[in-house]
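Peer 1: Quick note, the sequences are listed as chains U and L, same order.
Quick note: the first sequence uses this note's numbering, first residue 1, plus one each step.
Quick note: the second sequence uses this note's numbering, first residue 1, plus one each step.
Worth flagging that the hints you see were computed from the coordinates, not collected in a lab.
Think of the CB as a built atom: it goes at the ideal place given N, C-alpha and C, for glycine as much as any other residue.
List time: in silico BS3-like cross-link candidates among lysine-lysine, alpha-carbon distance up to 25 Å:
| no. | chain 1 | residue 1 | chain 2 | residue 2 |
| --- | --- | --- | --- | --- |
| 1 | L | LYS188 | U | LYS143 |
| 2 | U | LYS74 | U | LYS228 |
| 3 | U | LYS43 | L | LYS164 |
| 4 | L | LYS142 | U | LYS24 |
| 5 | U | LYS290 | L | LYS73 |
| 6 | L | LYS192 | U | LYS36 |
| 7 | U | LYS117 | L | LYS160 |
| 8 | L | LYS142 | U | LYS17 |
| 9 | U | LYS279 | L | LYS77 |
| 10 | U | LYS36 | L | LYS160 |
| 11 | L | LYS168 | U | LYS36 |
| 12 | L | LYS160 | U | LYS43 |
| 13 | L | LYS137 | U | LYS17 |
| 14 | L | LYS186 | U | LYS143 |
| 15 | L | LYS186 | U | LYS118 |
| 16 | L | LYS77 | L | LYS40 |
| 17 | U | LYS17 | L | LYS164 |
| 18 | U | LYS36 | L | LYS165 |
| 19 | U | LYS36 | L | LYS137 |
| 20 | U | LYS117 | L | LYS188 |
| 21 | L | LYS186 | U | LYS36 |
| 22 | U | LYS36 | L | LYS164 |
| 23 | L | LYS165 | U | LYS17 |
| 24 | L | LYS186 | U | LYS117 |
| 25 | U | LYS36 | L | LYS188 |
| 26 | L | LYS73 | U | LYS279 |
| 27 | U | LYS290 | L | LYS79 |
| 28 | U | LYS24 | L | LYS137 |
| 29 | L | LYS208 | U | LYS36 |
Now the in silico label distances, taken between C-beta atoms and shown as ranges:
| no. | chain 1 | residue 1 | chain 2 | residue 2 | range |
| --- | --- | --- | --- | --- | --- |
| 30 | L | LYS119 | U | ARG276 | 46 to 52 Å |
| 31 | U | LYS379 | L | LYS145 | 54 to 60 Å |
| 32 | L | ARG203 | U | ASN64 | 51 to 57 Å |
| 33 | U | GLY83 | L | ASN74 | 55 to 61 Å |
| 34 | L | LYS119 | U | ARG338 | 40 to 46 Å |
| 35 | U | LYS47 | L | LYS144 | 36 to 42 Å |
| 36 | U | LYS114 | L | LYS245 | 45 to 51 Å |
| 37 | L | PRO93 | U | ARG338 | 51 to 57 Å |
If you want the building blocks of each chain, they are given just below.
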Amino acid sequence: MSLKIRKNIPLIDQHDKNFMYGGKFGGNFIPETLKKPIDDLTKLFEKLRRDKKFLKDRDNYFKNYVGAPTPFIKLENLTDHLGGAQIYAKVVSEANGGAHKIYNATVHCLIAKKAGKKYIVGDTGAGYAGKMLSMAAKKFGLKCKIFMGAKDIKRQRPNVEAMRKNGAEIVPVTTGSQTLVDAVSECMRYWVSNCDTTHMCVGSTVGPNIFIKICAWSTAQISRELIKQVKEEFGKIPEKLKLINCVGGGSSAAGFWNEFMETSAQFIGVEAGGPRNSKLHAAPLTNGSKIGILHGAAQYVIQDSEGQIGSTESISAGLDYPGISPLHCFLKDTKRARYTSASDEEALKAYQLVSKLENISPSLEPSHAFAEAIRLAPKLSSSEIIIVNSCGDSLKDKDIIKQKLGSYIR
Amino acid sequence: MKSKISEAFNNCKKEKRPALITYTVAGDDTKNNSLKILNKISKHADILELGFAHNTPIADGGQIQGSSYRALKNGIKLKDVFQIVKSFKKKYPNKPIILMGYFNLIYQVGENNFLNNCKSSGVDGLIIVDLPYPENKNFANKCKKKSINFIQLLSPTTSKDRMKKIIKDSHDMIYYISMLSTTGGKLKVSPKKILQNYNKIKRINPKKNLVIGFGITNKTIKSLKSADGLVVGSMLCKTITNSLKMRQNPVTKLDKVVYNLKRQII
Numbered sequence: 001m002s003l004k005i006r007k008n009i010p011l012i013d014q015h016d017k018n019f020m021y022g023g024k025f026g027g028n029f030i031p032e033t034l035k036k037p038i039d040d041l042t043k044l045f046e047k048l049r050r051d052k053k054f055l056k057d058r059d060n061y062f063k064n065y066v067g068a069p070t071p072f073i074k075l076e077n078l079t080d081h082l083g084g085a086q087i088y089a090k091v092v093s094e095a096n097g098g099a100h101k102i103y104n105a106t107v108h109c110l111i112a113k114k115a116g117k118k119y120i121v122g123d124t125g126a127g128y129a130g131k132m133l134s135m136a137a138k139k140f141g142l143k144c145k146i147f148m149g150a151k152d153i154k155r156q157r158p159n160v161e162a163m164r165k166n167g168a169e170i171v172p173v174t175t176g177s178q179t180l181v182d183a184v185s186e187c188m189r190y191w192v193s194n195c196d197t198t199h200m201c202v203g204s205t206v207g208p209n210i211f212i213k214i215c216a217w218s219t220a221q222i223s224r225e226l227i228k229q230v231k232e233e234f235g236k237i238p239e240k241l242k243l244i245n246c247v248g249g250g251s252s253a254a255g256f257w258n259e260f261m262e263t264s265a266q267f268i269g270v271e272a273g274g275p276r277n278s279k280l281h282a283a284p285l286t287n288g289s290k291i292g293i294l295h296g297a298a299q300y301v302i303q304d305s306e307g308q309i310g311s312t313e314s315i316s317a318g319l320d321y322p323g324i325s326p327l328h329c330f331l332k333d334t335k336r337a338r339y340t341s342a343s344d345e346e347a348l349k350a351y352q353l354v355s356k357l358e359n360i361s362p363s364l365e366p367s368h369a370f371a372e373a374i375r376l377a378p379k380l381s382s383s384e385i386i387i388v389n390s391c392g393d394s395l396k397d398k399d400i401i402k403q404k405l406g407s408y409i410r
Numbered sequence: 001m002k003s004k005i006s007e008a009f010n011n012c013k014k015e016k017r018p019a020l021i022t023y024t025v026a027g028d029d030t031k032n033n034s035l036k037i038l039n040k041i042s043k044h045a046d047i048l049e050l051g052f053a054h055n056t057p058i059a060d061g062g063q064i065q066g067s068s069y070r071a072l073k074n075g076i077k078l079k080d081v082f083q084i085v086k087s088f089k090k091k092y093p094n095k096p097i098i099l100m101g102y103f104n105l106i107y108q109v110g111e112n113n114f115l116n117n118c119k120s121s122g123v124d125g126l127i128i129v130d131l132p133y134p135e136n137k138n139f140a141n142k143c144k145k146k147s148i149n150f151i152q153l154l155s156p157t158t159s160k161d162r163m164k165k166i167i168k169d170s171h172d173m174i175y176y177i178s179m180l181s182t183t184g185g186k187l188k189v190s191p192k193k194i195l196q197n198y199n200k201i202k203r204i205n206p207k208k209n210l211v212i213g214f215g216i217t218n219k220t221i222k223s224l225k226s227a228d229g230l231v232v233g234s235m236l237c238k239t240i241t242n243s244l245k246m247r248q249n250p251v252t253k254l255d256k257v258v259y260n261l262k263r264q265i266i
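Here chain L stands alone, though its shape is the one from the complex (with noise of 0.2 Å):
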């Protein structure tokens, strides 16, 4: 059986279009409210990213961070993230969610414990920021045993040997750092750039499904569309900041801020 993630990117090309895939932090601003935020974008996104917030996160940017910083102050436990999951596919059974953090979460809850709970709440695939391949070989093929994808990661620094290694072992979908800097940069690299890395990278093995983020915001979105898909997170945590800040809606301001961005790739 194809997993949710194949399904929604085979969708996309019939569409001709790249799937959008959105980040928010589980918890941001508040439980309630991320799940609202997820029920609405899912209109326009095709694949929705959830972060499970850390305290002390090595690759993300100011706007991930400050997204995760009000979701743990707010008391965000893992099984909440679970909870807003399992929320979300009650009414969206089809579409695919991903979890998206760092190792030492699942690693204190245990890894099979963890994986049990993805499963039971309908997660259909995970990013782990900092386990890297190949000590991420051993989780990965638990993941796979339960039909959950587990998302490698590759960078600009990645050789083509250890590309060709990674995308060999790699699932559904795959993820390519468009440059050298945490979530949220400013892209620094020329998107025709950007798209000839990955194109090179597409050329291993174009059944991949290969999805490009860091540095993704409406300005640069429509650049990029050649792609697989396309992640927007950072400028999405930016938009929950500022309407906080300006006593607005998040849930209202971040679905039309999805809608705008889904429309330039259509």
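Next comes chain U alone, as it looks inside the complex (with noise of 0.2 Å):
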């Protein structure tokens, strides 16, 4: 039986009563403890998201904080450059912090002031996602605890000063890899504890169910600007489009994504493919993983034949991650999305040429997206459409472009 998504239902809510998407991705694998304040936190936001006073706040939010829209701007030089393709990046990295991780930051400290929480906690792997929650819960008046591996706060310098300028609390994970996954888990693990008095932020649309349509359901404010912007640029949604975004647990790609679900816009994927001639990676859908269970939801995973989740490696700190959003596995069994993946060395060199030719700068993770545009744009014509979602700023990089480059421009 194949799969297929359904019309006029958003992604999100395409999953069955054990909330799994397709019938074998998601649901919710969780310790008995966190079953009632994960239903508690489903009904609460089922009816927020219903709530017309909650829909005006976090708009008015999105607007006056968060900074709506972002910019939709063409990049003549580089479009100029490799000669095809026109090429678009959607820079989501002017929103207020630097990147896309703001919108689910914002909407959880939302929710967690109305669940009347005081504390909140959350992961990070590049960082932005802890930057971001420690932001808005400053903003909100909520005390912030950042889950982060020890190897990602060495290399994230510049976005662990912000948290802790923010007056956030960064605990290092220093289990496992010390990585995204030891963060997510280690956090999860907190919450287990302290679920009573304490909201978790999930950083990504991964985890229990809960946390992937919340995470989702607020970067989707991408594509509701996006799909606007487009409109207008063009008069009407190009027939030849491809959306390219990166994709490590899957939060922006979704985003990106969602509000052009049912046009004929194609959607394009970059896991990270980690360093060139590595069997290490973080590319579990383009290296055909078998599906498994990691923190909470069945999803494609790198992981042995015994179950054992599996190491990864990439430059990009936000992409390295051995599952992948539960949303993203639907998309790809339904065909709806591609999956490929970009080695560090072309992120490295796609982060080079965009920042040398445009007046944008994108992060290690956009990068990736980047290096599939550079890929793909010179085999096009000039009628077909790339936009990449240009997801975050490459200053938070500024130390490993440096230490790989020589050189660091912006």
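Starting from two chains that each stand alone, build the complex the way the hints lay out.
Peer 2: Following this line, the structure appears as structure tokens:
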């Protein structure tokens, strides 16, 4: 039986009674202790997303605090340089804080307030989810704790400093690979122990179903803006349109594509291929990983034959995750989206080229998406449109880029 | 026919004491040692829980994570876990063994395959940390058909309605999580409060064997001895960690610790 996406139903709601997409992705594989907090949060969110006052609040914060809409620009120089498809960028990195993670963080803080919680905890890889959560928590008067892998704390220094400035407590996670996967585990463990007083924000479209929903519902703002901007620019949605987005957990891609689900736009997700010639990668969809359970949800995940979660490696901390959102597993199996990967080297080159030619400077995560755009554009005619979600700013990667390329330009 | 788990509880009730239930991780610190540990402590413990290690455990605290890490580092595989159970059961066929772990390992090998291995090695029960009710109904039924106990968990966050449903569908043993915590947390609720909750659950169906776990050590076990059973896990994992640090034999160390735990509840 082939999987199908249903029409006129938001993607996040296309699950069965066990919260599984396509009968096999997602669900709630959680300890008993979390059943009630997750049920409570599920009920609260279902109520709030239908509450006009709440939606108005959200829109106000998105407009006045996050800064909506973020720019939609043509990358003239890159287009000329590559000679092929017309390349555009949705510059989500212009949002307050410098990345799309602000949408999910803001919504979680709004929900935490409604739930009467005073504490909020979250995980972070690249540090953006943590930075934004600490920012929003400060704004909404919530005490904030961020779990971050010790390896990531070292390699994403600017974001760590920002979190400290916002008054968040950063908990270094020293188990396992000391990256995002361990930070999410540790954050969940903390929530198991403190779910009576504390709200948890999962930083991407991963984890138990409700966190996938809240996150994708929040980042959908990106495509709500974009679909208007595209119609203004072209008068309609172009027939040959490709929307290219990096995917780690998959939150920015889910938001970037959402409003285009029922259009003819092609979706391309770019995973982290890791260092060239290395066996390690963070690309479960591209490399045909098997379905397994990670952080409470069934998904394609890098693992060994026994079910032990595999190690990953990527220059981009935000994509360095062995799993992938159940939403993207569903989009892959329904063939609505296509997934590929870019290596560390390709991402660095893409960062360099875009930063040199254009006024934007993508972080290493969207540089993976730009790498795919750079590969594709010359093969396409000028009637084709490529839009890349530039969902993060390179500033946070200054140290890594300097070390790898010798110099940093922005 | 009564299950070995039921029999173990009945024997304890005759002696007017709670069942002592231990948890150790298969392969900690080696395959051989973990088997030796089971052999030794089975003299004192009534039911043995044996963890099959997973490297992304979302409900375990530092001690059990440490034990799992050692076991995995030593290359423990599911087939070794079953081998350990088989060897143990050859010597002590009547001592119940419960495997405890995360669902992904079962998912990968296949539910039926996993249960067949449980059956042929002599596993008496299963605790799957991340397969809650009602999602576990299907799997729990499969277990029942093979006369393997699927042990449901209850927590302080479980609502009364939900408890009733879970208890109704439960097999011979139910596990009450004492507090909001991962395994091995410090007992942050008073034993009195824990027993109050415990008795409330017990009243729903007094016939069911209800055990308490999480945060139980030699310091707290005595105060909870009116329960049907008490689980000690992290403290045992910590004992292994410490004896390795001190270059002592973890097997003899653990034997002593479990003996002392038992003494406090008889």
